[in-house]
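> In order, the protein sequences belong to chains U and S.
Residue numbers -5 to 137, in my numbering, belong to the letters of the first sequence in order.
Residue numbers -5 to 137, in my numbering, belong to the letters of the second sequence in order.
These aren't lab readings, by the way, just hints derived from the structure by calculation.
Errors might be hidden in some of the hints.
Pairs count within a copy or across copies, as identical chains cannot be separated in the list.
Claimed, not checked - Computed list of lysine to any residue pairs in SDA-like fashion (alpha-carbon distance at most 20 Å, straight line):
(1) Lys50 - Leu71
(2) Lys50 - His25
(3) Lys50 - Thr67
(4) Lys69 - Tyr88
(5) Lys69 - Arg86
(6) Lys69 - Val126
(7) Lys50 - Val16
(8) Lys69 - Asp119
(9) Lys50 - Gly17
(10) Lys50 - Glu63
(11) Lys69 - Pro121
(12) Lys69 - Leu120
(13) Lys50 - Arg20
(14) Lys50 - Ser6
(15) Lys69 - Trp87
(16) Lys50 - Asp22
(17) Lys69 - Ser89
(18) Lys69 - Ala85
(19) Lys69 - Arg123
(20) Lys69 - Glu124
(21) Lys69 - Val122
Protein chains: 2
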Amino acid sequence: MERAMGVLGERSSVVVLREVFVGVRRFDDIHRHSGVSRQVLSNRLAMLVDEGLLTKVAYQAAGSRPRHEYRLTPKGLDLYPVLTALAQWGARWYSDPDGPAVQMVHRDCEAPVEASLQCAAGHRDLPVREVVPRPGPGALPLS
Amino acid sequence: MERAMGVLGERSSVVVLREVFVGVRRFDDIHRHSGVSRQVLSNRLAMLVDEGLLTKVAYQAAGSRPRHEYRLTPKGLDLYPVLTALAQWGARWYSDPDGPAVQMVHRDCEAPVEASLQCAAGHRDLPVREVVPRPGPGALPLS
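Required output: the full structure, derived from the provided sequences and hints.
Below is the structure:
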């Protein structure tokens, strides 16, 4: 989890990822849409490519100069549950008067999607009060 | 989601929250266990209290001076799906040779808990490829 937090532990990284998730994939578009400065955006995109969350893909539309866009890798796509859970927490506790900026939906039926907690023994949609963290094998001792 | 990211958008905030989640609740213990400097920790705890994620509670053990500990509020507890999803992403993509530092379990049966994606129409445990983000009513126009 330490490395995971290192990658996501700056607000601008999550902002950039969110843009790519909603389909804003070109440098200039991400810059305009997110408000992240060009310098910071350039650094963040390079870090997200280095970490294997995004890949930079060249493409060429008819009659125009070559362009690049950023696409999610499988590792980046695997952040859906994290971003979904964060979006629903934000919607619950910081309700925006305009409504949420992003809504995750099921591709097949367009119904809203939420992240919820499932136990391996088959108990579904656990309330948070029924979930407890245990130190795992990699936990630091509390000295 | 903007405010939500503002609160969580610094690595040290998530580190501090994780300590409180696993039951490390006193300033000195969080400082020692997390490695976050006293100054940064003091600022983060104040911010997390201001934002309503933690509450500072005085208690007194027999024969000792009064102490304080930090406890999760309902708003803080509601971050379980976010931290669970982040922990499982980290475990999958940055496998620590020692194993995960934290394992979320179901209080009743001790089975491991995961965050997964559910659609409101009843389709369960969606693969990430079946989930798509849609701009919500609060989305900024892509000008």
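> State for each hint whether it applies.
Here is what the structure says about each hint:
1. In this assembly of identical chains, lysine 50 and leucine 71 lie within 20 Å of each other by CA distance solely inside one copy; the values are 15 Å within and 37 Å between copies.
2. For the identical chains of this complex, lysine 50 and histidine 25 are intra-copy neighbours only, at 16 Å inside a copy versus 40 Å across copies, given an alpha-carbon limit of 20 Å.
3. In this assembly of identical chains, lysine 50 and threonine 67 lie within 20 Å of each other by CA distance solely inside one copy; the values are 10 Å within and 41 Å between copies.
4. Taking the closest pair of Cα atoms, lysine 69 and tyrosine 88 come within 20 Å of each other only across two copies (10 Å); inside a single copy the shortest separation is 28 Å, beyond that limit.
5. Taking the shortest Cα distances, lysine 69 and arginine 86 sit within 20 Å of each other only across copies (9 Å), while inside one copy they are farther apart (27 Å).
6. For the identical chains of this complex, lysine 69 and valine 126 are inter-copy neighbours only, at 16 Å across copies versus 26 Å inside a copy, given an alpha-carbon limit of 20 Å.
7. In the homo-oligomer, the alpha carbons of lysine 50 and valine 16 lie at most 20 Å apart inside one protomer (16 Å), although the nearest pairing across protomers, at 38 Å, exceeds that limit.
8. In this homomeric assembly, lysine 69 and aspartate 119 come within 20 Å of each other (Cα to Cα) only across copies, at 18 Å, whereas the closest approach inside a single copy is 25 Å.
9. Within a single copy, lysine 50 and glycine 17 get their C-alpha atoms as close as 14 Å, which meets the 20 Å cut-off; across copies the closest is 42 Å, which misses it.
10. Within a single copy, lysine 50 and glutamate 63 get their C-alpha atoms as close as 6 Å, which meets the 20 Å cut-off; across copies the closest is 47 Å, which misses it.
11. Taking CA atoms no more than 20 Å apart as the test, lysine 69 paired with proline 121 passes between copies only; the shortest distance there is 13 Å, against 28 Å inside one copy.
12. Only between protomers do lysine 69 and leucine 120 lie at most 20 Å apart by alpha-carbon distance; the minimum there is 16 Å, versus 26 Å within a single protomer.
13. Taking identical chains as interchangeable, the C-alpha atoms of lysine 50 and arginine 20 lie at most 20 Å apart only when both belong to the same chain, with a minimum of 10 Å there against 45 Å between chains.
14. Within a single copy, lysine 50 and serine 6 get their C-alpha atoms as close as 18 Å, which meets the 20 Å cut-off; across copies the closest is 30 Å, which misses it.
15. In this homomeric assembly, lysine 69 and tryptophan 87 come within 20 Å of each other (Cα to Cα) only across copies, at 7 Å, whereas the closest approach inside a single copy is 28 Å.
16. For a Cα distance limit of 20 Å, the shortest separation of lysine 50 from aspartate 22 inside one copy, 14 Å, qualifies, whereas the shortest one across copies, 45 Å, does not.
17. When the C-alpha separation of lysine 69 and serine 89 is checked against a cutoff of 20 Å, the pair qualifies only between copies, where the shortest distance is 13 Å, while the shortest distance within a copy is 29 Å.
18. Taking the shortest Cα distances, lysine 69 and alanine 85 sit within 20 Å of each other only across copies (12 Å), while inside one copy they are farther apart (25 Å).
19. Taking CA atoms no more than 20 Å apart as the test, lysine 69 paired with arginine 123 passes between copies only; the shortest distance there is 12 Å, against 30 Å inside one copy.
20. In this homomeric assembly, lysine 69 and glutamate 124 come within 20 Å of each other (Cα to Cα) only across copies, at 15 Å, whereas the closest approach inside a single copy is 29 Å.
21. In the homo-oligomer, the alpha carbons of lysine 69 and valine 122 lie at most 20 Å apart only across protomers (11 Å), although the nearest pairing inside one protomer, at 26 Å, exceeds that limit.
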